[in-house]
Amino acid sequence: MSGERQARVPNPDDTAPRVGIAGAEVARSAEVLTPSALELLASLHRSFNSTRLELLAARGRRQALLDDGALPDFLP
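37 is the number that this note's numbering gives to position 51 of the sequence shown; each next residue is one higher, with no gaps.
Quick caveat, the hints were computed from the structure, so don't treat them as lab data. The beta carbon of each residue, even a glycine, is placed where N, CA and C say it ideally should be. Incorrect hints may have been included.
To be verified - Across the chosen pairs, the derived CB separations fall in these ranges: (1) 12 with 52: 34 to 40 Å; (2) 49 with 16: 35 to 41 Å; (3) 60 with 30: 26 to 32 Å; (4) 16 with 57: 46 to 52 Å; (5) 25 with 51: 35 to 41 Å.
Make a model of the complete structure from these sequences and hints.
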């Protein structure tokens, strides 16, 4: 690695301005899901979602190879 960073074009989903909570509210959830905690989660999502999606896609491709009979090839 040369230490250079690659520029990425953001995915529109990465720049979503809001965070939504799905599901029923549970006891004391407001103590945990504070506005600052939700902003942290949104920031992490914006920062890492593209990489997360790339890794999940690579994992799916690798699993397909294994399902087709390829053997694991661990690093030496």
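Item checked: Hint numbers contradicted by this structure -> Checked against the structure, no hint fails, so every one of them is satisfied.
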